[in-house]
Amino acid sequence: MRRSWLARGSLLGIVAALVLPAVASADTLDAANNGVLPDSVAINSLWVIIAGCFVMFMQAGFAFLEIGFSRGKNAGTVIAKILTNFSIAAIMYWAIGFAFAFGNGKIIGDAGFFLRDYGDPQKAFAVMGLSDATIESKWFFQFVFCAVSLAIVWGTTLERIKFGVYVIYAVVFAGFIYPIASHWVFGGGWLQSNIGMQDFAGSTAVHMIGATGAFAVLLQLGARRGRYGPDGSPRAIPGHNMPLFGLGVLILWLGWFGFNPGSTLGALDGRFPEVILVTNLAAAAGVIGALTTSYVTTKNIDIGMAGNGAIGALVAITAPSGYVEAWAALPIGLIAGIIVPLGIAAIDKKIDDPVGALTAHGLCGVWGTIACGLFTAPKFAKYNAIGNPDGGLFYGGGFGQLIAQVVGLTIAFIFVFIMSYATFWAIKKTIGMRVSEEYEDAGLDISEHGMYGYPEQFIPKSEIA
Amino acid sequence: MRRSWLARGSLLGIVAALVLPAVASADTLDAANNGVLPDSVAINSLWVIIAGCFVMFMQAGFAFLEIGFSRGKNAGTVIAKILTNFSIAAIMYWAIGFAFAFGNGKIIGDAGFFLRDYGDPQKAFAVMGLSDATIESKWFFQFVFCAVSLAIVWGTTLERIKFGVYVIYAVVFAGFIYPIASHWVFGGGWLQSNIGMQDFAGSTAVHMIGATGAFAVLLQLGARRGRYGPDGSPRAIPGHNMPLFGLGVLILWLGWFGFNPGSTLGALDGRFPEVILVTNLAAAAGVIGALTTSYVTTKNIDIGMAGNGAIGALVAITAPSGYVEAWAALPIGLIAGIIVPLGIAAIDKKIDDPVGALTAHGLCGVWGTIACGLFTAPKFAKYNAIGNPDGGLFYGGGFGQLIAQVVGLTIAFIFVFIMSYATFWAIKKTIGMRVSEEYEDAGLDISEHGMYGYPEQFIPKSEIA
Amino acid sequence: MRRSWLARGSLLGIVAALVLPAVASADTLDAANNGVLPDSVAINSLWVIIAGCFVMFMQAGFAFLEIGFSRGKNAGTVIAKILTNFSIAAIMYWAIGFAFAFGNGKIIGDAGFFLRDYGDPQKAFAVMGLSDATIESKWFFQFVFCAVSLAIVWGTTLERIKFGVYVIYAVVFAGFIYPIASHWVFGGGWLQSNIGMQDFAGSTAVHMIGATGAFAVLLQLGARRGRYGPDGSPRAIPGHNMPLFGLGVLILWLGWFGFNPGSTLGALDGRFPEVILVTNLAAAAGVIGALTTSYVTTKNIDIGMAGNGAIGALVAITAPSGYVEAWAALPIGLIAGIIVPLGIAAIDKKIDDPVGALTAHGLCGVWGTIACGLFTAPKFAKYNAIGNPDGGLFYGGGFGQLIAQVVGLTIAFIFVFIMSYATFWAIKKTIGMRVSEEYEDAGLDISEHGMYGYPEQFIPKSEIA
Amino acid sequence: MKMVVAYIRSEVFEPIRTELLELGFPSLSVTEVKGSGRQRGVTGRYRGAELTDYLRPKLKVECVVGEPDVQVIVDTFLKHARTGAVGDGKLFVMPVEEAYRVRTGESGAVVLQAHRDAAAAAAG
Amino acid sequence: MKMVVAYIRSEVFEPIRTELLELGFPSLSVTEVKGSGRQRGVTGRYRGAELTDYLRPKLKVECVVGEPDVQVIVDTFLKHARTGAVGDGKLFVMPVEEAYRVRTGESGAVVLQAHRDAAAAAAG
Amino acid sequence: MKMVVAYIRSEVFEPIRTELLELGFPSLSVTEVKGSGRQRGVTGRYRGAELTDYLRPKLKVECVVGEPDVQVIVDTFLKHARTGAVGDGKLFVMPVEEAYRVRTGESGAVVLQAHRDAAAAAAG
Ligand SMILES: Nc1ncnc2c1ncn2[C@@H]1O[C@H](COP(=O)(O)OP(=O)(O)O)[C@@H](O)[C@H]1O
Ligand SMILES: Nc1ncnc2c1ncn2[C@@H]1O[C@H](COP(=O)(O)OP(=O)(O)O)[C@@H](O)[C@H]1O
Ligand SMILES: Nc1ncnc2c1ncn2[C@@H]1O[C@H](COP(=O)(O)OP(=O)(O)O)[C@@H](O)[C@H]1O
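Protein chains in written order, with this note's numbering: chain A, 573 to 1037; chain B, 573 to 1037; chain C, 573 to 1037; chain D, 4 to 127; chain E, 4 to 127; chain F, 4 to 127.
These are computed hints drawn from the structure, not numbers from a lab.
Predicted model only: the values in this text are computed from it and were never measured.
Cβ atoms here follow ideal geometry from the backbone N, Cα and C, with glycine treated the same way.
Incorrect hints may appear among the rest.
Cβ-Cβ distance ranges computed for the label pairs, FRET-style [to be verified]:
no., chain 1, residue 1, chain 2, residue 2, range
1, F, 82, A, 1033, 33 to 41 Å
2, B, 962, C, 602, 38 to 46 Å
3, C, 608, B, 982, 53 to 61 Å
4, C, 795, E, 87, 23 to 31 Å
5, C, 607, A, 962, 34 to 42 Å
6, E, 98, F, 74, 15 to 23 Å
7, C, 922, B, 1008, 55 to 63 Å
8, E, 87, F, 17, 51 to 59 Å
9, C, 802, D, 89, 39 to 47 Å
10, F, 82, C, 743, 41 to 49 Å
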C-alpha cells in the first residue's frame, strides 16, 4: 500500500517536473528569436541530424539482415521486435540514458535527464562541446547509436527467444548498460579521458558492447532446435531470403555514412568527407577479403559472407575512421573481411549465432579498436585530442595506444558482460527466456504474434477468405 | 468541332506561355551570378530539399505498407498505382496545385501557376516568407506533402478498385481538393489566419484530408469479397507479407523526420532538431500504446498494430510537433497508440479498411489536431505566430485554441468529404469503380496488369519458359 | 622469376608511397585547425556528400530492379554481385579512376592517384573548381557515379553469366573505361572543352556508357535458355517479384535527387532545387508516357513499363537537368517514356535484355543527350559555361549544340563499345563467360553460390533442419 | 476401403470439411494442384509477349473410407462443390487394399476415420 | 477406368499437354512434387555447413481415362518425356472404380474427358 | 505392384528415406500436403478477427513397389514415423496395374526400384 502510494507519488513528481518550464537551459529558441543564433549552429546541426537519420534507418538494415537470415516462419516477429526496441530505447535514452552517457563525470554522466534543466549545453555535455550543434541534434544522434547497439544484441537470439525478454532488457540496456559503458569509452568517462582510449564512432562503444550483450544472452539461451546434430556437428539452417538480407546490408552500408562521419558532430571542420572515404574503402576491402577467404576455404561465393564482410569491415573501421588516413582503411577492412568467415566458422562449431553478430560486431569490433593502436595518424590524434599524440605503432607512436585500446575494450567487455549476464539470468529465472519447443517448431510469428508473417505460405488458400 | 478547336487553342496557349521566358520572377540565378545570394538561402534550401527527399521516400513507405497488407495476388498493382499517382500529382501540383495552396488569398491562392511569373516569391507566397529557401525547394517540399496525402486516400481501396479511378481522382485531388483544403489550414487561408487553427505539419491538412478521401471512396466502393461472413461478421483477410509491411513502417518513420522538422522550412533557427525529438518520442509512445492495448484486448503481440501504432502516433504529433514541448509528445503519442487498435477494431466491424488508414490517418489526425488545443506551449505559439499566444488548455490558455482546432478540422473534413464524395460518385456513374468479381478473385495483378506480381507463386514451373 | 620479383617490387613501392605522408596537398585539416576554413566549404560539401549518399543508395535500387526482373532461382546472386562490384569500383576508382577522370588533361586526367599528392585540389581538378567542396566529398560523389554506371552494365546479363566476369570487367571499367570516357564528357576532356558537349549529370557519361558496356557483353553472351522459341519468337520470362522491382524503382527515383542536383557540386548558388524540380517533372512525364504507350500498344497497364518509364525519363533528363527550364522536362520525360515500351519491344525481338537496360539507359541516354541540343536555355548554358551560349535549337541557338551532342555521344559510344567488347572477348576466350546449361537451369544461386536465395521455395521442409 | 479423390475449387472446401466432420469423417488430406479441363486458361502478358497458363488452380482432396461410406462422401462433395459453371471438378473412387495408423500400428478399416470422438468434438 | 500417374520433368509437360488436348484428352491434373530415384541430389552449402537435397523437382500428372485410352496416353507421355538421362521419371497405371462430374452429377466413363468439344477448341 | 501412400510428419522423412535407400528402395515421390484428422487446427488472429487453419502440414510419400516388398516398406515407415502423438499419420496400400520407366520405355515390376546399384551407391 504504502509502497504503491510512494511509487505513485514519485511518478507524479516526475510528471510535474516535466510539465514545469525548463529553467536555465540555454535556449536555442531565444537565440533564434533575437536573431543571434550563428549560422554554424544550423550547419552543424544539419549534418548531425541528417547523419542521425541515416543511422536511424539502420534499424531497417538490421531488421532485414535478421529477416533474411531467419526462416520464413519467424520473419514477422523481427518487425515487432525492432519497433518495440527502438521505442523503448527512445524513451529510456531520453529519460536517463543520455544524461548518464554524456553528462560530465568520470564514471557516470550527471545532467540532461529528460533533456532539460542542464543549463548551458556546451558545458553540461562538455565532451561534445567541440561542436555547437543544438543539444537536441546531439541527443538524436547519440540515441540512434544506442538503438543500433541494442539491435545488435538480438542478432544471436533469433527464432527462439520470448518476446518479453526484448522488453525488459531494452529498458536496462538503454537506460543503464549502454549509457554507462559508452560514457566510459566516448562520453568523456575514464577510459577515454584517463586511459586515452580512442574510439571515434564506436567499434567498442556501440558494436562490441552490443555483441557482448548478444554473447551473454546466447550463453543462457542455447541453440535453435536442430542446429546441431545428435553428434554435436553443426547443421545448416539457411535463412529464407537472401534478397532481403542484401537489402539490410545495403541499408546498413548507407547508414554507416551517417554513423562514422556524423561522429564529427559537425560539418564546419570539413572532416566528415574524409571519414566517408575511409569508411567506404574499408567496407570495400571487407567484401573482397570475406569473399576471397570464403571462396578459398569453401569453394563458394557465399552471399552471406559478402554481406557480413561488408558489415565486419564497417564495424572495424568505426573506431579508427576519424584517426586514420585513407590507405589504412584497406588493411583494416581487409583483415576484418578475413576475420568474418573464419570467425563465423569457428563460432558456429559450438554456439548458434544465426546472423554472425558475434563475429561481425564482436570480433571485428575488437579488431577495429585495436587497429587504432596500430594505424592512428598523429595528426588526427592531435586534432581529436584523444590518446597518444604520436599516433599508433605503425606511425612510430610505440605501444602506448595499443595498450590503451586493449585495456579499454577489455574493461568495457567485462562490465557489459557482467551486467547483461545478470540481467538475462534474472529474466530467465522469472519469466523465462525461451519459447516452448512446440512454439519454436511452429515459428514465432504464429505462436507469439497470432499470425504468420507470410500467411499464404503456410495456410492453404481454401482456409483464407 | 468548335469545342475541340477551342480546347486545342487553349492548350497551345498554355504551351506558348510556358515557353516564353518567365518575367519578373526574382531570380536565384541572377543573384548567384552576381554573387549576392546569401548563404542562408543555401542552408535553408538544403534542409528543405533533404527533408523533402525523405518525405518523397514515404511513397515507398506507403507502397510497402499496402503491399504487406494485401494478398499476394494484388501486390504488384500497388507499384503501378504509386508511380502513377505520384506522377500525376507532380504535374498537377506544378501546374496549378501549388498556386492554389500557397499563393496569397483567404480562400484560394493566386500565384505560381507552373511555378512562374510570381514576382518576388517571398511576397507571392507570403505564408512561407519566414524562410528564404528557394521557391523550388519549397515547391518540392509542398508537393511531396500533396503526394503523401494522395497516397493515404488509397489505403482503404486495396484489392478491388479499378485502376482508372486512381488516375481521375489524382487529377482532381492534386489540382484542387488538396490545394484548397491545405491552403485553408496551413497555406495562409482563413482557417489558419482567421480562426487561428494550428497545424504545424499537417495532421489535418495532409493526413486527415487524405483519410477523408479514403472514407469517401470506401463508402461507395464497399468491402472486399469475403471480408464479411453471411451473418455480417468480419473475417480475417491477412496481408501476405509482414516483413514488407515493416519495411514500409520504417521508411515512413524515417520519412517523418523530414515531414515534421522540414515544416520549419529552414534550418537557421535551429528548431528542426527539437521537432525531430518530439516526433520520435511520440512515435515511440505510439508503438508502446498500441502494443499494450492490443495485447490487453486480444492477447496478441500484433505486428500490424505495432506498425500502425507508430504511424498513428506520427500522424498525431504532426500538427503539434512545432507547438509542443518534448514531454507532451508522450501523452500525444501514447493516446494515438491506444486509439489505433480500438479504432481499427471498431471500424472493422462495419467497413473494410484493409490497412487501417481511417484510424491511423483519420482518427489520429483528429486527435493530433485537437492535441494542439491542449498541449501547445505559449512560447511556440508566439514563435510561430499562429493561434492563441497563451497556448493550449494545459498551459492555461483556456479553450480558445481547442475550439479553433475543432472548428478547423470539421470544416476541412466537410469540404474534402463533399468534394471527394462527388468526384467518386461521378466516377462510379461513368467508368465504374470496382473490378468484376471474377477480376477480384483472380487478383488485380493478373487481371488489370496482365501478369502476377509474383508469377512463380501462381503459374506452375511447367508453364514458364 | 625476375618478373614476379619486379611485380613484388612495384607493389612494395606503391605501399610505401601510400604510407609516406602526403605532401603538398592543400590540407582541409590545417585550415580547420587554424580556423580559416570558410563556411562555404562545409555547406557545399554537405550537399555533395548527402547527394552522394542518395546516389550510393541507388545500388540498392539497381539490385532490386534486377532481382524483381529475375526468376527466384537467380535472386540471391544479385546481392553478391552488387556488393562485389561496388567494392571493386571503390578501390579502383580511388587508386586510379578518379585521377584519370578528373585530373587535368584533354585525353586523360593526371593527378589524384590514391587521392593524394595532388597539391591544390582546386587547381588539380580544375573542372570541379567551381565548387569549394572538399576533394574527398567530390571523390565520393564521382565514385558513386562510376558505381552506377557499372551497375547498369550488368542489367543485360542476368541469370546466365559467370560471376568471375563481374570481377574482371569491374577492374577494367572502374579503372579505365569509365574514367577515360567520363573524363572526355564531363571531366574536362576534349568532348566537353573542345566540342562543347553538354552533359550535366551523365545521360551519356554514366548511363549511355553503362548501357554500351551492357550491349557489348550481351552480344557475346547470348540470350537466356528458353527466351526465344524454336522459331525465334520471343517468349515471356516474367520476373519473379514486382514489389521488389518497385522498391528498386522508388529507390532509384530518390537516388536521382542526389544524382542530378548533386552535380551542381555545391549548394551555395541555390541551383540544386531547380534541378530537383526539373528531374521530378521529367520522371513524372516518363511514367505517364510509358503507361499510355504500353496501354495503347498492348492493352495492359504494365507495371514494369511504369517503372522503366520513370527510369528512362530520369536517364533522359540527366544531361539536360542543369541546362533546361522546368517546362522542357515534360517533353523530355514524356518522349523518354514513349521510347521505353517501343524500344523494349523492338530490342526484345532479337536480343535478350532482361531488365530493359539498353532502352532505359541506352536509348533514353541518347535521347537525353540530344535533348540538350534542343532545349538548353541560353541562361543556363552561360551559367555553366559549356557549349553554345545561345542555347539549343528551340531557343534559337541553331544546330550547333545539337551537332556537338551527337558527335560527343557517338565518340563516347564507339570508345566504350570497343574497349568493352575487347575486354569481354578476352574474358570469353580465357575463363569463359557463361555458366553451363545445367547451372543455368538450376539457377545461379545454388550453382554459383551454394545455396538458393529462397531456400524454402526450393528445398522441401523435410530436408531443412 | 476406397480413396475418394476429388478435384474441386478451393473455395468450396470449407463447407465440405465441416459437413464431413459432422458426419464423422474428420480425416482427409488436401493438396493444391493445377488442373486442365473444359475451363479456359488465363493469358497474361509480360513486356508484350503473351504467356498463357492453361492450368487452373484446384484443390485435390483425398479421403479414404470404408466401402459402405463411399456414397455419403461422394454425396457431400457433390452437394457443396457444384456451382454449375465449368471447372467444378471431378470425383474419382479408387480401391485401397490396406491401411495402417502410424501412431498405433493398427491396420484395417478401423483406422480410416474416427467417427465417434471426432463427431463429438465437432458437436462440442 | 484408369488413372495414369506420371512423374516427369516439368519442362516436358507442355508438349504432352498440347498433344493430349489434340487427341481429345484435355482433362488432367498436375502437382509439383519432389522425387528420389537414380538421379543424384544437390548439395548446397550455407556458412560452411553442407545441406544436401536428395529430392529433385518433378511434375506429377494425373489423367483418368477409360481403359481403351490408356495406351495412347502412355504412349504420348513416353514420346515426349524421354530425354534419355536419369531422372526422366515413371508412369503408373492405377484402377479407378467410379467417376463423377461435379458440375452435372453425372457418373461413369462419360465424364472423364471431353473428346469432341475440347478437340474442336484446340483445333479452332 | 502396389503404391504405398504415406501421410507423415515431414520431420520423420529423412530417416525413412535413408533406410529405404539402404534397403534398395531409392525411388519415391513426396508432396507437401495438408491434412485433417484427430490433430487440432491452429487458430490465428489478424486484427482481432480469428482465423483457424484446421489443416496441418503433412508430407505425402508415394512409393511404388512389387507386391513382395510392400511389407518391408510399410514396416520401415511405421518404425520411423511413430512419435505416439496424434498426427502421426496413416499409410495406405493401393493397387498399381502397370509401370513404365520413361527413360527406357521398359515396363513391368522391373522398373519400380533400382535395388542393386542404388543400394551399392548408398553403401559406397
Ligand atoms: N480425367 C481427369 N483426370 C484428372 N483430373 C481431371 C480429370 N477431369 C477433370 N479433372 C480435374 O478437374 C478439374 C475440373 O475439370 P473441368 O473439366 O474444368 O470441369 P467440368 O467438369 O466442369 O468440365 C480439372 O481442372 C482437373 O483438375
Ligand atoms: N517406384 C517409384 N515410386 C514413386 N515414384 C517414383 C518411383 N520411381 C520413380 N519415381 C519418380 O520418378 C522420378 C524419376 O525417377 P528416376 O529413378 O530418377 O529416373 P530413371 O527412371 O531415369 O532412373 C523420381 O524422382 C520419382 O519422383
Ligand atoms: N482417411 C484418411 N484419408 C486421407 N488422409 C488421411 C486419412 N486419415 C488420416 N489422413 C492423413 O493423416 C494425417 C494424420 O492423421 P491423424 O488422424 O491426425 O493422426 P492419428 O492417426 O494419430 O489420429 C492427417 O492429417 C491426414 O493428412
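To see whether the hints hold, each was checked on the structure:
no., hint, verdict
1, 82/F <-> 1033/A: 33 to 41 Å, "35 Å, holds"
2, 962/B <-> 602/C: 38 to 46 Å, "53 Å, violated"
3, 608/C <-> 982/B: 53 to 61 Å, "58 Å, holds"
4, 795/C <-> 87/E: 23 to 31 Å, "25 Å, holds"
5, 607/C <-> 962/A: 34 to 42 Å, "24 Å, violated"
6, 98/E <-> 74/F: 15 to 23 Å, "21 Å, holds"
7, 922/C <-> 1008/B: 55 to 63 Å, "38 Å, violated"
8, 87/E <-> 17/F: 51 to 59 Å, "31 Å, violated"
9, 802/C <-> 89/D: 39 to 47 Å, "32 Å, violated"
10, 82/F <-> 743/C: 41 to 49 Å, "58 Å, violated"
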